[in-house]
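Protein chains: 2
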Amino acid sequence: MGTENIRYRPLLDRVTDARTAARHIQHGTNLFISGFTAGYPKLIPRELARRAQEGERFKINLFAGASTGEQVDGILARTDLVHWRRPYMSDRAMREKINRGEILYKDDHLSSLSAQVRAGDWGNADVAVVEAVAITEKGHLIPSMSVGNTPTYVREADKIIIELSNSAPPELEGIHDIFIPEDPPYRMPIPIYRAADRIGKPFIEMDTSRVVAILLSDQEDTCAIFHDPDEVALLIGEQILDFVQHEIERGRLRPGLPWQSGVGDVANAVLGGFLENDFFHNLELYSEVLQDSVLDLIDLGKVRAGSGSALTLSHKARRRFFNELYRYKEKIVLRPVEISNSPEVINRLGVLSINTALEIDIYGHVNSTHVMGSQMMNGIGGSGDFMRNAGLSFMVTPSTARNSSISAIVPMVSHVDHSEHSVDIIVTEQGLVDTRSLTPRQVAEAIIAKCAHPEYRPQLREYYERALKKHGGHEPHDLEEVFFMHRRFQTTGDMRVPPGTV
Amino acid sequence: MGTENIRYRPLLDRVTDARTAARHIQHGTNLFISGFTAGYPKLIPRELARRAQEGERFKINLFAGASTGEQVDGILARTDLVHWRRPYMSDRAMREKINRGEILYKDDHLSSLSAQVRAGDWGNADVAVVEAVAITEKGHLIPSMSVGNTPTYVREADKIIIELSNSAPPELEGIHDIFIPEDPPYRMPIPIYRAADRIGKPFIEMDTSRVVAILLSDQEDTCAIFHDPDEVALLIGEQILDFVQHEIERGRLRPGLPWQSGVGDVANAVLGGFLENDFFHNLELYSEVLQDSVLDLIDLGKVRAGSGSALTLSHKARRRFFNELYRYKEKIVLRPVEISNSPEVINRLGVLSINTALEIDIYGHVNSTHVMGSQMMNGIGGSGDFMRNAGLSFMVTPSTARNSSISAIVPMVSHVDHSEHSVDIIVTEQGLVDTRSLTPRQVAEAIIAKCAHPEYRPQLREYYERALKKHGGHEPHDLEEVFFMHRRFQTTGDMRVPPGTV
Numbered sequence: 086m087g088t089e090n091i092r093y094r095p096l097l098d099r100v101t102d103a104r105t106a107a108r109h110i111q112h113g114t115n116l117f118i119s120g121f122t123a124g125y126p127k128l129i130p131r132e133l134a135r136r137a138q139e140g141e142r143f144k145i146n147l148f149a150g151a152s153t154g155e156q157v158d159g160i161l162a163r164t165d166l167v168h169w170r171r172p173y174m175s176d177r178a179m180r181e182k183i184n185r186g187e188i189l190y191k192d193d194h195l196s197s198l199s200a201q202v203r204a205g206d207w208g209n210a211d212v213a214v215v216e217a218v219a220i221t222e223k224g225h226l227i228p229s230m231s232v233g234n235t236p237t238y239v240r241e242a243d244k245i246i247i248e249l250s251n252s253a254p255p256e257l258e259g260i261h262d263i264f265i266p267e268d269p270p271y272r273m274p275i276p277i278y279r280a281a282d283r284i285g286k287p288f289i290e291m292d293t294s295r296v297v298a299i300l301l302s303d304q305e306d307t308c309a310i311f312h313d314p315d316e317v318a319l320l321i322g323e324q325i326l327d328f329v330q331h332e333i334e335r336g337r338l339r340p341g342l343p344w345q346s347g348v349g350d351v352a353n354a355v356l357g358g359f360l361e362n363d364f365f366h367n368l369e370l371y372s373e374v375l376q377d378s379v380l381d382l383i384d385l386g387k388v389r390a391g392s393g394s395a396l397t398l399s400h401k402a403r404r405r406f407f408n409e410l411y412r413y414k415e416k417i418v419l420r421p422v423e424i425s426n427s428p429e430v431i432n433r434l435g436v437l438s439i440n441t442a443l444e445i446d447i448y449g450h451v452n453s454t455h456v457m458g459s460q461m462m463n464g465i466g467g468s469g470d471f472m473r474n475a476g477l478s479f480m481v482t483p484s485t486a487r488n489s490s491i492s493a494i495v496p497m498v499s500h501v502d503h504s505e506h507s508v509d510i511i512v513t514e515q516g517l518v519d520t521r522s523l524t525p526r527q528v529a530e531a532i533i534a535k536c537a538h539p540e541y542r543p544q545l546r547e548y549y550e551r552a553l554k555k556h557g558g559h560e561p562h563d564l565e566e567v568f569f570m571h572r573r574f575q576t577t578g579d580m581r582v583p584p585g586t587v
Numbered sequence: 086m087g088t089e090n091i092r093y094r095p096l097l098d099r100v101t102d103a104r105t106a107a108r109h110i111q112h113g114t115n116l117f118i119s120g121f122t123a124g125y126p127k128l129i130p131r132e133l134a135r136r137a138q139e140g141e142r143f144k145i146n147l148f149a150g151a152s153t154g155e156q157v158d159g160i161l162a163r164t165d166l167v168h169w170r171r172p173y174m175s176d177r178a179m180r181e182k183i184n185r186g187e188i189l190y191k192d193d194h195l196s197s198l199s200a201q202v203r204a205g206d207w208g209n210a211d212v213a214v215v216e217a218v219a220i221t222e223k224g225h226l227i228p229s230m231s232v233g234n235t236p237t238y239v240r241e242a243d244k245i246i247i248e249l250s251n252s253a254p255p256e257l258e259g260i261h262d263i264f265i266p267e268d269p270p271y272r273m274p275i276p277i278y279r280a281a282d283r284i285g286k287p288f289i290e291m292d293t294s295r296v297v298a299i300l301l302s303d304q305e306d307t308c309a310i311f312h313d314p315d316e317v318a319l320l321i322g323e324q325i326l327d328f329v330q331h332e333i334e335r336g337r338l339r340p341g342l343p344w345q346s347g348v349g350d351v352a353n354a355v356l357g358g359f360l361e362n363d364f365f366h367n368l369e370l371y372s373e374v375l376q377d378s379v380l381d382l383i384d385l386g387k388v389r390a391g392s393g394s395a396l397t398l399s400h401k402a403r404r405r406f407f408n409e410l411y412r413y414k415e416k417i418v419l420r421p422v423e424i425s426n427s428p429e430v431i432n433r434l435g436v437l438s439i440n441t442a443l444e445i446d447i448y449g450h451v452n453s454t455h456v457m458g459s460q461m462m463n464g465i466g467g468s469g470d471f472m473r474n475a476g477l478s479f480m481v482t483p484s485t486a487r488n489s490s491i492s493a494i495v496p497m498v499s500h501v502d503h504s505e506h507s508v509d510i511i512v513t514e515q516g517l518v519d520t521r522s523l524t525p526r527q528v529a530e531a532i533i534a535k536c537a538h539p540e541y542r543p544q545l546r547e548y549y550e551r552a553l554k555k556h557g558g559h560e561p562h563d564l565e566e567v568f569f570m571h572r573r574f575q576t577t578g579d580m581r582v583p584p585g586t587v
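Protein chains in written order, with this note's numbering: chain A, 86 to 587; chain B, 86 to 587.
Mixed in with the good hints, there may be bad ones.
Simulated pairs of lysine-lysine, BS3-like, Cα-Cα distance not exceeding 30 Å [claimed, not checked]:
no.	chain 1	residue 1	chain 2	residue 2
1	A	555	B	144
2	B	144	B	244
3	A	414	A	387
4	A	401	A	387
5	A	182	A	144
6	B	554	A	144
7	A	401	A	414
8	A	535	A	554
9	A	535	A	555
10	B	555	A	144
11	B	286	B	244
12	A	244	A	286
13	B	286	B	223
14	B	182	A	554
15	B	223	B	416
16	B	401	B	387
17	B	416	B	401
18	B	535	A	182
19	B	182	A	535
20	A	416	A	223
21	B	286	B	416
22	A	414	A	286
23	A	182	B	555
24	A	286	A	223
25	A	387	A	286
26	A	554	B	144
27	A	182	A	244
28	B	401	B	414
29	B	554	A	182
30	A	555	B	182
Covered stretches of chain B (chain A as the covering partner; in silico rule of three or more C-beta atoms under 8 Å from a C-beta of chain A) [said to hold, decoys possible]:
no.	region
31	178–185
32	336–342
33	460–467
34	554–565
Quick caveat, the hints were computed from the structure, so don't treat them as lab data.
Here a beta-carbon is modelled for each residue, glycine too, at the ideal position from N, C-alpha and C.
Just chain A, same shape as in the assembly (with noise of 0.2 Å):
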């Protein structure tokens, strides 16, 4: 690619080489860079990591969005080149690093970290490293294919190098919306009332004199690889439309609430559910990540509007993205995550947000990031802004994993996330429970009953009751077995009763 995406001229003699670039980063560099599941740098990770491998030993701070591909938390995990890591990550090789402590991992709301980053808590910006995908005539930066916290990362960094890429077109130009709050006690209110509101500029403002190096890239994020929803998630998306429609229709809910849906496989089904169902139309999405089956429902008329920090895309969803990107671009938004985010926002519109569990318990408490207790998944990423403050939240989890041998319905979450108070509908396969008005024994039988796989329900209601009997009380447990499901499992590998055991 040419130079000609860097439309303010002055900036033409900071193109340089991703070796001369990395210069900057050094031992001890703390490096912001951009990336929320799409749109990270890669040029300058591979640099480093060369530099790693040719034997040069260094440790950098390495803060991003959210989640970035292999080409950056892969490669700079194992390359040994990582002391602190924030926030959420979904590599690998990475996640077995924070788990033996060998990488620094602290795990955050998303919606809260650009505040910190101005704060000052997370140590000085020396050095951001941002895709872009053109430099305005003003010198501002066209990002790429997310915002995350991009803005306040270009804002308060000493130096800046841009990765300007050729992976997605210039012409995205437009589809961004960037507005950076005040921080308190000067906040006003953010000022979006509907889901497709713009309340900022199409393009990130930057001082130029402290862009250190511009790189010209042709690298393209590793793509997000969808299957097609099984049954179980067909089931879910399902019985949640269904509920929706329900509470609509007996004048519960209001209807018009945008919707929020996670990150996945299961979050991207129950958007698919919408294809087929003539109840809802006009839809709006306030959500995080926003995935193909936007694409879908945007074809079909469906969606009026769909916001987002980010749109994480297969290959095949990209190519068509980008061929009719002046018809996407009318009804995409592409906020900073503390705007996507945002509790205050979320709140306000009344967002039916939708999240996957690791674990749920009886009492509806929700575990989300950490397996039997103590090995880190991910992370806790945006759910928790978006269960806390939803009009409607529901948390959803296929009842088993693992060909059964793991229930993910248990007696105590072994770690909890989203405690009884952010969690309103709980949904498996096998039904859903509203624990809106019910006491915590009431969504203790209803979880067991309706939830939770028929192979687990005898154990989880022996436990209850006996529980129950021994210390009664409003959320009755015995401290002694609680976690009885999950020592068998850490013994047997299986949580299922024996065979032969009475």
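Mind docking chain B on chain A? Use the hints.
Okay, now just chain B, sitting in the frame of chain A:
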């Protein structure tokens, strides 16, 4: 008292006695009462109890703003009149029946209740019983010492019964700021930009045709009793003020953020700490319940503004407040709890939030509600509204309870109300830990070393090290023995290692 405070004369003919008025309340009635630690009705509950004592068998569903007093929750629980109770309560007799499953109870965030009632989630609002100090010329209500959910209850109820009380003077008029937001998807920003902003009307609008009875009352609320702060409370308060001063001086925290402090002696002591502090001045409080300490701070010229949903004063402070009402009224605003506890506003203002824990675990998760995992104490109240949305959130507790037989710092809390993601700073009289830039493993080491009582540090440290060795992971836990301290207490009545044990 006379009827001079019924300034809307057509309502004069609704003045009646409690027995007549209470006939509107029958078996199955959904009863929505005013009251938020203060300002609850007294005559109607007494009459209902009398009917029960005379042998009438009936049950009501009782919905308040938050806790009331012995005169409501106490007598109605003891006479077995309550089928459902929502939300927060703090009465001993009621607590016992809730824990036996004899009263149905669900614990919600206080900020979200009014909207639930408007949506019909709690069933039809049959009768509202509200305490007031006056009815205006236009037929609107001036509530007494709290607002809570009263504006919504008055708007939604089929029938309204007013207890016109002379226990507070009609000159309270003007202290309240009543604003009911539209519900999503039509909600607009709540236009509070500073703690003292008034955005509504000084009265509760009321359809006078639904007023079925007015009772003249001289009954007072049971007054709060505050103890002089003990050494533990003083130490906790001191550390918080020192910490915040330090953060402001380092430039990590902006000055001028408003404060919230929970209910009770420790909270009162923290605010009392400002009295002898020279660093803080022009304080703003954006809180839920204002207590005695607020009057002291106003008298000293330390407070610019105090916002809350209720004024809960000791007998002495109450007299003082009424005597110079004109002066205090300039500084104090009483709001609906959906506004005093609004996540949107709390987040915008960047409130410094201090709440009290029952127990805190080594990774910073907090139990506010359930003793030994099963027994409900009072409820989450507004602590979740504030902790989740605060600019900086403090969770405080004495390090031990019951003559040191209980450690407030445990390996894993037996119930989670506030996850690690909501808790920034943990404070006991032993020390303070700022978790914001620590990994969970670092948090565990710091909490054990600084917040736990020295007597409990060895067993906590040994547990942590064993779990780390055995399971590793991001938050090392051994699910087999994680509740060993709770279990020891359940067996022996003491969490300490018995003497002679190795």
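How the hints compare with the structure:
Only pairs whose Cα atoms come within 30 Å are accepted, and residue 555 of chain A paired with residue 144 of chain B is accepted, the gap being roughly 28 Å. Simply put, residue 144 of chain B and residue 244 of chain B have alpha-carbon atoms about 18 Å apart, close enough for the 30 Å limit, and the pair holds. For the given pair, residue 414 of chain A sits about 15 Å from residue 387 of chain A by alpha-carbon distance, which is consistent with the 30 Å threshold. Among the hinted pairs, residue 401 of chain A with residue 387 of chain A is consistent with the structure: their alpha-carbon atoms are about 21 Å apart, no more than 30 Å.
At roughly 14 Å between alpha-carbon atoms, residue 182 of chain A and residue 144 of chain A fall within 30 Å of each other, so this suggested pair holds. Taking the CA atoms of residue 554 of chain B and residue 144 of chain A, the gap is about 26 Å. The hint holds against a cut of 30 Å. As the CA atoms of residue 401 of chain A and residue 414 of chain A are separated by approximately 18 Å, the hinted pair is consistent with the 30 Å bound. With a C-alpha separation of about 22 Å, the suggested pair residue 535 of chain A and residue 554 of chain A falls inside the 30 Å cut-off, and the hint holds.
Only pairs whose Cα atoms come within 30 Å are accepted, and residue 535 of chain A paired with residue 555 of chain A is accepted, the gap being roughly 24 Å. For the hint pairing residue 555 of chain B with residue 144 of chain A, the CA-to-CA distance comes to about 28 Å; that is within 30 Å, so the pair holds. This hinted pair checks out: residue 286 of chain B and residue 244 of chain B have alpha carbons roughly 22 Å apart, not beyond 30 Å. For a cut-off of 30 Å, the pair hint linking residue 244 of chain A to residue 286 of chain A stands: about 22 Å separates their Cα positions.
Restraint check for residue 286 of chain B and residue 223 of chain B: the C-alpha separation of about 13 Å stays at or below 30 Å, so the hint holds. For the proposed pair residue 182 of chain B and residue 554 of chain A, the alpha carbon gap of about 16 Å is at most 30 Å, so the pair holds. Taking the CA atoms of residue 223 of chain B and residue 416 of chain B, the gap is near 26 Å; set against the 30 Å cutoff, the hint holds. Between residue 401 of chain B and residue 387 of chain B, the direct Cα distance comes to roughly 21 Å. Compliance with the 30 Å bound is thereby established for this hinted pair.
Proposed proximity of residue 416 of chain B and residue 401 of chain B is supported: the alpha carbons are some 20 Å apart, at most 30 Å. In summary, the hint linking residue 535 of chain B to residue 182 of chain A is supported, as the alpha carbons are separated by about 28 Å, within the 30 Å threshold. Taking the CA atoms of residue 182 of chain B and residue 535 of chain A, the gap is about 28 Å. The hint holds against a cut of 30 Å. Between residue 416 of chain A and residue 223 of chain A the alpha-carbon distance is near 26 Å, which keeps this suggested pair within the 30 Å criterion.
A threshold of 30 Å between alpha carbons decides the hint, and for residue 286 of chain B with residue 416 of chain B the separation of about 16 Å falls inside it, so the pair holds. Taken as a hint, the residue 414 of chain A and residue 286 of chain A pair is honoured in the structure, with Cα atoms around 15 Å apart against an allowance of 30 Å. The hinted pair formed by residue 182 of chain A and residue 555 of chain B meets the criterion: a straight-line CA distance of about 17 Å does not exceed 30 Å. Note on residue 286 of chain A and residue 223 of chain A: the hinted pairing holds, with a Cα-Cα distance of about 13 Å set against a maximum of 30 Å.
Distance restraint check for residue 387 of chain A and residue 286 of chain A: the Cα-Cα separation of roughly 27 Å lies within the 30 Å cut-off, and the hinted pair is therefore satisfied. As the CA atoms of residue 554 of chain A and residue 144 of chain B are separated by approximately 26 Å, the hinted pair is consistent with the 30 Å bound. Of the supplied pair hints, the one linking residue 182 of chain A and residue 244 of chain A holds, its CA atoms being roughly 29 Å apart against a limit of 30 Å. The suggested pairing of residue 401 of chain B with residue 414 of chain B holds, with an alpha-carbon distance near 18 Å, which does not exceed 30 Å.
Proposed proximity of residue 554 of chain B and residue 182 of chain A is supported: the alpha carbons are some 16 Å apart, at most 30 Å. A distance of roughly 17 Å separates the Cα atoms of residue 555 of chain A and residue 182 of chain B; the hinted pair therefore holds under the 30 Å criterion. Here the region 178–185 of chain B counts 3 residues with a CB under 8 Å from a CB of chain A, which clears the bar of 3, and the coverage holds. A stretch counts as covered by a chain when three or more of its residues have a beta carbon under 8 Å from one of that chain; for the region 336–342 of chain B and chain A the count is 6, and the coverage holds.
Under a criterion of three residues with beta carbons nearer than 8 Å to beta carbons of chain A, the stated coverage of the region 460–467 of chain B is upheld, 3 such residues being counted. Three residues within the 8 Å Cβ limit are the bar, and the region 554–565 of chain B against chain A gives 9, so the coverage statement holds.
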